[in-house]
Amino acid sequence: MSRQILLGDEAVALGAVHAGLSAAYSYPGTPASEILEHLVRRSAETKDFTAVWSVNEKTAYEEALGASFAGKRALVSFKHVGLNVAADPFMNSAITGANGGLVVVSADDPGMHSSQNEQDSRFYAQFAHIFAYEPSDHQEAYDMTREAYDLSERLEVPVLLRMVTRLSHSRSAVAVGPPRPQNPLRKGDPRDWILLPVNARRRFTRLLGLQAEMVRLSDGSRFNVLELGGDRSLGVIASGVAYNYFREAVAAEAAPPSFLKVSTYPVPEGLIRKLVAAVDSVLVLEDGYPFIERQIKGLFGVAGKTVRGKTDGALPASGELTPDIVRAALGRTPLPALAASGLPLAGRPPQLCAGCPHADTLKALNKALEDAAGANVFSDIGCYTLGALPPYSAVHTCVCMGASIGMARGAADVGLHPAVAVIGDSTFAHSGITPLLGAAVADTDMTVVILDNATTAMTGGQPTYGSGERLLRLIEGLGVPKERIRTIVPLPKHHDLNVRILREEIAHRGLSVVVAVRECVQEQRKKRS
Amino acid sequence: MKQDIILAGVGGQGILSIAYVIDNAALADGLVFKQAEVHGMAQRGGAVQSHMRLSDGSIWSDLIPKGEADMVLSVEPLEALRYLDYLRPDGVVVTGLTPYRNIPDYPEIDRVLEAVRRAPRAVVIDSERLAKEAGTVKAQNVVLLGAASPFLILKEDSLLATVGALFRPRGPAVLEANLKAFALGRSAALGL
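Sequences listed follow chains L and C, in order.
Residue numbers for the first sequence follow my numbering, beginning at 1 and rising by one.
Residue numbers for the second sequence follow my numbering, beginning at 1 and rising by one.
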């Protein structure tokens, strides 16, 4: 058994490979990107499985589901909000079931390090009635991914693996086992996979019938640990990385609190009952929403016991947990530490790189709109979101992938003018095409600025589908008149020309698309070195 | 035996390369480690940090609790100050002295360095000058790794072997400059 240094994300990727992975699909998004990046690098060397950056998370999910239908083991991974995009096939795949093992990795971002919310993917597993794992360390990330494939094939349903930023982006050594061979091709049964009501009702009944078995599996999982120890006044229920913070806080204690480590869902009901029965009060520690805590408390609580956690303020209801927060919730005194310097420390937020093409486009856009008091710039998910910050202060919304175009249309429909949408090439391919099609048919009075830097920059430079000539043909194909598709090169020397072109298209009372074409400076640098 | 280190700097300053060297040296020395790092948005010129934990026993948390860190190793002095309250009272600060000014409100550098030097044990290194002397200004991170090395529980040979493995693929000149950067940083910290 060899030991390898891996990110949490990479431990998941390697676990899948060693479980006999045949195909993996994803769309980039922090903190999940490193899963498929690892698989892309690896498959380029070994050429024995497929690893693809898909156009978006929904297509990624459907591609993985197709591989599962064909009997092969498949992986689909994305950040937590990516599961929103993939929610339609995700929910329905619980009904069709999995033929080859299908593992869905959703990487949550408590604390919103690089996200617009901190939704907790465990609710999605519960929503879909499927089994889920939550690793607390790298070894578990590897081991659980391997086990998830066996379980997915045994239950014939997809299995979800919940990661969080802290584990995804932490590195440690992992002991890896021998690889298992890939599955042979074996098509699914059409009666299971045609979700006409007559089949879907039968399949849903089967899925509901598996729920008791899933609870039994959870209660018996080797990853869930119950220790009724020296101190029975307090029982701690901890999941994922919160379990680490708990063990850290009490590592040196002779009689630490009794505890239950929860690593699988549906929650291990039998183990929870045992712990709760054995202790006077319960503290629930979980990174994300109070998912376990709410199930234990329900509407009426537990008679004779106090159950504390995020719902009663024992821990903050939002943000990422830390060892210090958990230590305080356990009532342990803070460790002696050096005092902070007392000097007011200027923050250092992220910013656009020196020479970034987005900076030139945003400057030109600001100039073009300087006399348009009623203007609004709807933006999207990408590096250019940083254009919201000074010195640009150039964009006014950022909601979700592709929202810029749809929102600009809605605002234009009710009279906002000028309505401008700013969206990157990768985000446009992901979710911008459909709203632009609608706007083209309606000839909506708005201006769409597509920033074509030929990459998915914010997440580290993954490939993009809607760039260059293909992008221009795509826009034309959607029905935008050729004379209303303008191209600019965002460089300081073209500033005046770019301002003029933007002004002309903003002044046009109908749909215009301006494409700003210049490669990402980070990607240029990579090519040079 | 355990050691907890906060690595600090600005996105693009090579924090993750330092972390890579320490990870691999720890593996070679038979230690367990966990190293939490920052990816994504903050890497675009923002403040970045990495929690590096080394032990010959077990490590629970990926994050270092406040008061538990033995060292803050920073490529930049303002970033060193950000994490002082993670240090145990006798912890050491190793930092470069050259400010990275990509923000409009960077404090007066003399006040920043004065605050750094108020730490009970502060090693302030002119990493920019030493990196240039070694042959490339890009090697400031390796200068600081060398400066931190006398305080680390890792073998110097294990660190050097990993520095070698990291830079050898980039050609003999880059390799030589980085090995020299390490040696210059180490000597500076030792007051040689």
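Just so you know, these hints were derived from the structure itself, not from any lab.
Hints are supplied without guarantee of correctness; some may be wrong.
DSS-like, lysine-lysine: derived pairs with alpha carbons at most 25 angstroms apart [as the list claims (entries may be wrong)]:
id	chain 1	residue 1	chain 2	residue 2
1	L	K526	C	K155
2	C	K132	C	K180
3	L	K297	L	K274
4	L	K527	C	K2
5	L	K274	L	K305
6	L	K526	L	K482
7	L	K187	L	K47
8	C	K155	C	K2
9	C	K2	L	K526
Pair hint outcome, K155(C) versus K2(C) [Cα-Cα no greater than 25 angstroms]: Judged against 25 angstroms, a Cα distance of about 14 angstroms means the pair holds.
25 angstroms limit on alpha-carbon distance, applied to hinted pair K527(L) and K2(C): violated (41 angstroms)
Holds or violated: K526(L) to K155(C), with C-alpha atoms at most 25 angstroms apart: With Cα atoms ~33 angstroms apart, K526(L) and K155(C) exceed 25 angstroms; violated.
Given pair status - K305(L), K274(L), alpha carbons within 25 angstroms: Judged against 25 angstroms, a Cα distance of about 13 angstroms means the pair holds.
K132(C) paired with K180(C) [C-alpha distance capped at 25 angstroms]: The given pair, whose Cα atoms are some 10 angstroms apart, holds under the 25 angstroms limit.
Pair hint outcome, K2(C) versus K526(L) [Cα-Cα no greater than 25 angstroms]: Violated, because 37 angstroms separates the two Cα atoms, which is more than 25 angstroms.
Proposed proximity, K47(L) with K187(L) (alpha carbon, max 25 angstroms): Holds, at about 23 angstroms.
Distance restraint between K526(L) and K482(L), which requires alpha-carbon spacing of 25 angstroms or less: violated (34 angstroms)
Pair hint outcome, K297(L) versus K274(L) [Cα-Cα no greater than 25 angstroms]: Since the Cα atoms of K297(L) and K274(L) sit roughly 15 angstroms apart, the hinted pair holds (cutoff 25 angstroms).
Going through the hint list in order, the structure does not satisfy hints 1, 4, 6, 9.
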